[in-house]
Amino acid sequence: MKHAIDRVSASRLLGTHCARVIVTCLAMTLAGVSRGATGATASGDQSSGGSSAAAADATQSFISPLGLGSGATVSVTEKGATATAAVDQQFNSNFVNFYQVGLSGTTNTNGQASVYSSTDTGAPGFKGKVGVGYSSFQATYTKAYTAAGDKLKGEVWCINVAARLAGMSISTTEASTLTSCAPIINTAKALINALPSGTDAKTIASARKVLAQLESGLSDEAATEVTVCKTLKAASAEAYTACPDSGAPDISVEDLGRIYTALYARVVQPTSLPALYYKLSLNWSPSLVSTDYRSVTNSVPNLATTEHWSSLLNALALDGSLYYKAWSFGLEGAYGKTVDIKQQNVCKTQTNGAYTAQQCENAMIGRPEPINTASATAALSFTPTASSAVTRLFRPGVELLGYFEHPSEGGGHKAELSLPLYLAPIASPLKAVIGIQPMWTWNNEPNQKNDFSVFLFVGARPSVPN
Amino acid sequence: MAQVNITITGVARDAKLTWSGTAMSLTNTGGGNYAASFQSAPGTFVYSIVVFGAPGDAWSAKVTDGKTTHNHAGHMSPAGYDTTGDTPFTVAP
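Listed in order, the protein sequences are those of chains A and B.
Anchor point for the first sequence: position 119 equals 149 in my numbering, and the numbering is continuous, going up by one each time.
Anchor point for the second sequence: position 41 equals 626 in my numbering, and the numbering is continuous, going up by one each time.
Since the hints were made in silico from the structure, they are not lab data.
On a predicted model such as this, the values are computed, not experimentally measured, just so you know.
One or more of the hints may lead you astray.
[As the list claims (entries may be wrong)] Here are the simulated lysine-lysine pairs, DSS-like style, with alpha carbons at most 27 Å apart:
no.	chain 1	residue 1	chain 2	residue 2
1	A	Lys263	A	Lys239
2	B	Lys652	A	Lys263
3	A	Lys260	A	Lys232
4	A	Lys232	A	Lys263
5	B	Lys652	A	Lys260
6	A	Lys367	A	Lys479
[As the list claims (entries may be wrong)] Some residues of chain A that are not near chain B, with every Cβ distance over 12 Å (derived):
no.	residue
7	Ala177
8	Thr203
9	Leu286
10	Leu303
11	Lys367
12	Gly383
13	Pro398
14	Leu486
Every residue gets a Cβ at the ideal spot worked out from N, C-alpha and C, and that includes glycine.
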């Protein structure tokens, strides 16, 4: 159904803007360029989509409870480059209705494994996350809502056709008070009856016939629309623009509801969907960690012999997330293996007279020993509604991400708190994003220090081909 | 049989597609974009798309069988959802 109401007024009414929150580093998408072609009617900011924050983590962070989402992310920090690719897919089931699979690889600037912890920002090499879950988005009963939406659109279609047949102009104030099509049909009939005698009789007859069809079909405007649109092109080219095959964009139910407020309240409001949704998922998170090391025997390291250690560390993570209006909140609890890798320079020194030469490489002294660890992550994001001229061009975002890890041995723990702030141009087809991320790290490991750092991040996220 | 292609953009949280009374799987192609593609016999079918996102987010959808195209556009409600409503679509022979 097409509802090509006064588009200038609609643009004013519907000109809400969307600001979006993104989690940590960089993530945006190349997709969404077709929106300009398909949705230019409802408002001028249709290209703003910019949904990379999504129900998923914008950076596809493996520790984020907001999920991986689909697409690919490349991020570069002082710790090296990380490439992540993930797919999530919904399917119809009463208990498990989505799965997610993600893979990532990281090397630091020297290609070395030199960091502690199992966090995605820390551990290098291959990481994965495979999970299944339940999404209340998919499980929500929407049949009554979409049927009511159809009813609303049918009424609005009827209003538009009747008004156009009679050459009427409906103000936004008048539109907001209408509760059905019937008064407009009556007004249109009166206007057509009052046309001067010189008016083309065939045109008047066609208009009267269509109005009669509208009047008789008031109980089922959608069915009437199918019938009337077949003949409307010949009767009124202008009125035909409200029909599906005319090519005009179809304004959504909620956008129409902002214009036809009384009609929306009567027809759609009783079937409104809930504002609170949730997702739960159980995930397996393997991480491949490797390093060169020198074995230690009786407290004496064998520095001359290079040995290589590699292990797949497994973890199980339970993710839960809540979505309420502009807010997203997620929690992840995980338990699995982590390893503390501390590398240092191991050098071979050659002496020739007064000269010495050194060949050094990074290696750990002693074989790495994985230990069990429990970790928890919390993420809170907010999507502010844009209202100023600046936020109509750029969408600001902020998220609070907290992480805590407690190994089962050694009594140490590590905590991170990051607050990514970003700015993304609303109309950018590349969905570029730029921002800063202050990060605080507290660590009571004897050889680790507390840390405060600020990352500058910039990037784009291409979408996965369908 | 005709190939029906559905693309949805600007959806921050999730999307739900019902075609002829049956819930269809949508593939999340990243960045808030979803897609579905399937074969359909000729005839008139009713579909609906429900989208979930942040309040005020713009979204759009395109439904086509190559001959007929429906373009939808809207903004999320204050509670964060929107719909095309039940919409008839005639698949050409």
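Cross-check of the supplied hints:
1. Lys263(A) x Lys239(A): 13 Å, holds
2. Lys652(B) x Lys263(A): 18 Å, holds
3. Lys260(A) x Lys232(A): 18 Å, holds
4. Lys232(A) x Lys263(A): Holds: Lys232(A) and Lys263(A) sit about 14 Å apart, inside 27 Å.
5. Lys652(B) x Lys260(A): 16 Å, holds
6. Lys367(A) x Lys479(A): Roughly 22 Å separates the two Cα atoms, so the pair holds.
7. Ala177: The assertion about Ala177(A) is violated, with a minimum of 6 Å to chain B.
8. Thr203: Check passes; 21 Å lies beyond 12 Å.
9. Leu286: 8 Å, violated
10. Leu303: 5 Å, violated
11. Lys367: 30 Å, holds
12. Gly383: 63 Å, holds
13. Pro398: 35 Å, holds
14. Leu486: Label holds. Min Cβ-Cβ 22 Å, cutoff 12 Å.
Of the hints listed earlier, those the structure fails to meet are numbers 7, 9, 10, in rising order.
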